[in-house]
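Chemist: Just so you know, the protein sequences line up as chains A and B, in that order. Under the numbering used here, the residue at position 2 of the first sequence is numbered 2, and the numbers go up by one with no gaps. Under the numbering used here, the residue at position 579 of the second sequence is numbered 579, and the numbers go up by one with no gaps.
Please keep in mind that the hints were generated in silico from the structure rather than gathered at the bench. Among the hints, a few may not be true.
Residues from chain A that face chain B, not an exhaustive set, calculated with beta carbons under 8 Å [claimed, not checked]:
1) Arg60
2) Gln354
3) Leu399
With a straight-line cut-off of 27 Å between C-alpha atoms, the simulated BS3-like cross-links for lysine-lysine are [said to hold, decoys possible]:
4) B/Lys102 with B/Lys73
5) A/Lys208 with A/Lys382
6) A/Lys374 with A/Lys274
7) B/Lys73 with B/Lys85
8) A/Lys260 with A/Lys391
9) B/Lys109 with B/Lys149
10) A/Lys86 with A/Lys186
11) B/Lys247 with A/Lys178
12) A/Lys208 with A/Lys159
13) A/Lys298 with A/Lys281
14) A/Lys343 with B/Lys247
15) B/Lys141 with B/Lys69
16) B/Lys364 with A/Lys374
17) B/Lys109 with B/Lys81
18) B/Lys356 with A/Lys159
19) A/Lys374 with A/Lys328
20) B/Lys73 with A/Lys186
21) B/Lys73 with A/Lys86
22) A/Lys86 with B/Lys428
23) A/Lys208 with A/Lys186
24) A/Lys159 with A/Lys186
Glycine is no exception: its CB is placed at the ideal position from the N, C-alpha and C atoms.
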Amino acid sequence: MNTGASWSGRERHCAFLNLQDNTFVDISAVAQLDFLDDGRALAVTDWDGDGDLDLWLRNRTGPQLRFMRNDDASGHHWVALKLRGKTCNHDAIGARVEIFAGGKRLVRELRAGDGYMAQSSKWMHFGLGTADRIDKIVVRWPGAETQTLDGPEVDRRYKLTQGASEFATVAPRNITIKAAPAPDVKTPSATRVVLRVPLPLSSSLLEKLQPAAPSDDRPRLINLWAHWCAPCVAELTEFAKHAGQFNAANLSLVLRSVDKPEDHTAARRLFKSKILPFATKDASPGEATDFAFETIDKATLDVLDALIGHVLNKPGKMALPTSLLVDKNGQIQIIYLGPVSTKQLLADAATYGQHPEQHHDRSPFPGRWYYGMKRNFRGLAKDLLDRGHRKEAQHFARLWKQRQKRTR
Amino acid sequence: MRDTTLRYTDILSLGILSLCILSLCVLCSATTAFAQSAADRRAQIDELMEKSNPKADDWQTEIDHSHAKHQMKDLGKALAKHLEKGADLSQGVTPFFAADAKLHRLRPKVLDIAHEANPGVRRTSVPDASRPTQPPIIALKELIAPLNKPRNLRFAFKITSVHPGETEGYYDTSVLYQVYANVNDGGSSPSGIQQNATWLVSWRPGHDPDHPLIQSIRLQRFEEITTAGALFTDCTASVIPPDETWKAQMALGGEYWYGRVDAVGELNFLGHEGVAVGDVNNDDLDDVYVAAGNGLPNRLYIQQPDGSTRDTAYDAGMPWLDPTKGVLLVDIDNDDDQDLLLAMGPTIVYCQNDGKGVFTPFRKLRAGTDAAFYSLSAADYDNDGDLDIYGCRYVKQQYGLSIPMPFHDANNGPPNHLLRNDGAAGFKDVTREVGLHVNNSRFSLAASWSDFDNDGDLDLYVANDFGRNNLYRNDGGTFVDIAPEAGVEDQAAGMGVAWSDIDLDGDLDLHVANMFSSAGQRIAYQTRFKASAGEGIRKELQHHTLGNALFRNNDDGTFEDIGEVAGIRMGRWSWGAKTIDINNDAYDDIIAPNGFLTNARKDDL
């Protein structure tokens with residue numbers, strides 16, 4: 001998984017038609033169900049009430065959900081029942097219904113949860129084949145009495161309450177759900193990862209990643225770029241054009257080129273000629289900015305790679321450009337993979353890390369977390385130690401020990 | 001993947017397997033320690049079996065397989081080139097055959113009509129036992145004749161066994177053949193055609209060692225399915241408007257979100273998130289609740305009168321961001337609305353419905369270990385008038401402790417739990433009290449209740465990965481695991497359970513979703529494989545790769561697996577396979593959504 005490889009991936013869904021003699025035939029392709037999605041749960045329902053069973057498919061891959069309309073045109077008859085318990089559980093889960101029609105006995109049970117992680121509709125659906133009348137219906141309520149009822153008309157939906165002597169007809173629906181496949185969506189090029197739990201950096205690392213005008217109590221944006229990376233240069237230029245705004249918002253910039261030593265001259269030249277002038281222009285006369293050419297050493301870069309890999313549970317994820325929003329307390333709040341707009345940055349800097357116990361809304365989406373979570377400082381320390389960063393490892397080992405002590 | 005240190009033939013061998021897993025674990029410990037779930041391991045095993053370089057070992061049949069596979073694939077390409085671009089057929093296919101090659105008729109003249117129409121199914125009744133006499137070009141021409149002017153043409157081949165011949169370089173392979181295309185004879189509705197076949201292909205050495213030649217093809221089975229008009233149509237975008245929210249979350253899958261969310265407290269995006277259909281606002285229309293992965297809110301799509309939906313997760317009070325697995329919509333408190341059960345980590349969160357579809361968390365249900373709940377299944381096992389909850393657990397979540405041992409019969413998983421509904425008093429863990437603690441340390445993915453013996457109480461089948469499944473017979477409120485006697489242990493990679501009377505004989509039969517691995521079948525059936533381990537373990541390992549099982553209820557407490565003759569084994573990694581009557585003919589069909597992990601790299605084709 002971490003190598004980005006696939007395992008038994010791109011496998012097509014299968015569908016098998018029952019040939020009524022204990023054999024089946026694979027109709028996956030002609031049924032148009034042979035998606036390459038990583039399929040998981042499947043829930044069944046006659047969603048549109050037209051008398052055949054439609055599908056909700058829950059996938060791991062995008063689209064995560066598909067609705068498949070059943071276009072059965074066999075002309076076969078059907079009946080659907082919704083049961084309501086009185087003395088038994090009100091959903092009538094566990095009820096056993098037998099329908100006698102066309103010389104056959106059809107048996108179904110109502111259940112909550114089957115297949116894999118799926119629950120299908122509580123409407124009990126019976127295909128009747130060519131039988132156009134139902135002789136009788138026998139309902140065994142779960143843990144209770146068995147009721148025998150005259151067969152109602154076919155091709156209809158009925159409700160039945162436990163103990164009632166007849167079915168209640170449900171009005172037919174005449175709707176058409178139009179064909180419209182889940183559209184392909186272009187994968188976003190940049191990702192903003194708000195950390196669910198902020199990650200406190202060591203003082204030594206913060207020392208190494210100081211802005212040009214050092215200041216302890218300002219949030220900072222650590223930006224990693226390279227002179228050969230066009231989106232990086234574009235992003236930096238954008239930042240430079242708003243240098244005054246960064247100052248006004250009290251957000252420090254820590255710009256670090258990841259260029260190789262032999263490229264430093266070229267990178268410095270590009271920075272001075274293409275980026276710096278914008279910053280000087282945008283700042284008020286005489287105002288200092290954080291725009292300075294600085295490089296990052298290999299060890300520090302490797303530490304950042306370890307931290308990002310840990311947060312995302314995917315090593316080697318660091319893209320260019322990558323930026324880290326570090327709050328005034330030295331904690332990583334947000335990781336930006338790919339470019340980020342100045343507007344977003346300034347908004348984030350004003351929000352994240354301003355309130356110490358900010359727990360909700362820390363995700364790509366608004367929502368609620370049910371659990372509080374603790375970061376695996378021990379695992380992180382071990383990773384850093386394996387990579388030869390003893391001092392950084394000690395920092396997280398200390399945090400882990402402190403927490404252990406607190407919980408004890 | 002550090003597979004170079006492993007002997008290819010030893011990959012499934014138990015001792016080495018555990019070593020290999022442990023070394024993988026140690027080597028990538030810090031970054032992946034808590035990503036190494038059992039599912040990952042299964043994937044590693046599959047990957048190792050599929051991808052290891054056979055040449056690094058003397059596993060000749062796998063070398064043969066890889067050559068044969070490429071030849072079949074290229075033969076398919078040549079056929080496609082002829083059909084789609086008018087390339088010369090003889091020129092295209094001749095290079096794949098020995099000069100004196102002889103084939104059976106690949107599309108027999110006489111076929112049984114197995115299903116009248118839409119789909120129309122025609123098939124052979126018995127394998128062709130005659131001596132092959134047709135020249136390749138004739139047999140292939142007949143085979144593809146119905147694929148005239150195809151659109152969406154797709155050939156696929158899967159090699160399931162390799163049998164070495166007497167002489168070096170000569171061998172036989174079993175090949176699953178499938179082709180699909182849309183063919184439109186000028187009519188208005190698109191028509192589809194699908195051919196399925198099993199071929200016994202004999203190979204001989206070619207001009208160079210990497211390109212063996214086909215000496216003969218014998219036909220074991222042939223099916224041709226034709227449709228006029230669609231059977232199913234994707235209407236996702238009609239039902240859920242693809243607005244910005246959809247595009248930002250649901251349109252993207254685990255392959256995108258993995259590595260793009262803070263992973264604290266959760267594994268990779270392996271896709272174990274469920275779906276539940278139910279009428280949450282009592283308007284007689286089904287709605288759908290969708291569980292979502294780490295950092296992504298669960299969604300509640302409420303059906304509107306026109307069949308489309310409105311996402312009310314935020315209004316309904318449960319846009320949970322925590323990774324959520326199994327979900328159920330059931331009336332827990334018997335007040336005639338659908339309450340919500342969510343498997344979030346080691347807790348089942350019970351949310352009450354106010355009758356209008358707005359939910360409020362009411363109770364946290366916990367039991368036993370800290371392992372996460374997977375599938376949930378509710379039933380009134382004690383017939384006292386309210387619904388009880390059975391929760392499956394798959395892996396213990398302590399780092400590195402979730403290694404199934406031994407792989408083919410693992411018994412070191414976390415326990416599942418039955419929570420009895422005691423009304424106002426809440427829920428009570430009665431697992432031990434009712435006897436469900438027996439054989440309860442497997443890697444369980446799914447469970448489903450059914451009164452298979454028709455005695456008025458609900459029995460429980462549990463599908464377990466890495467080993468034996470359970471059939472707990474309910475004897476008036478206490479349970480006995482009768483899986484061995486009933487013949488439904490199905491020692492394999494159990495993933496999903498579906499009960500259904502598939503033969504209309506009045507009792508409920510059982511479909512179990514498993515893993516079909518052609519690589520595993522090829523290797524596990526070699527006599528050399530695990531020769532030292534003894535026939536018993538060999539058989540068990542073989543069974544692991546067989547695919548789905550269909551147990552016909554004998555109505556005497558026993559079942560018979562008719563999966564092989566029924567022709568439903570090849571469901572790949574079947575996950576949520578389910579029985580469903582798709583054409584209202586009263587007989588349940590089977591749909592098996594599958595595929596494990598698809599990622600950006602394309603080397604798994």
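Chemist: List, from low to high, the hint numbers that the structure doesn't satisfy.
Modeler: Hint check: 2, 3, 6, 10, 12, 13, 20, 21, 23 and 24 fail, others pass.
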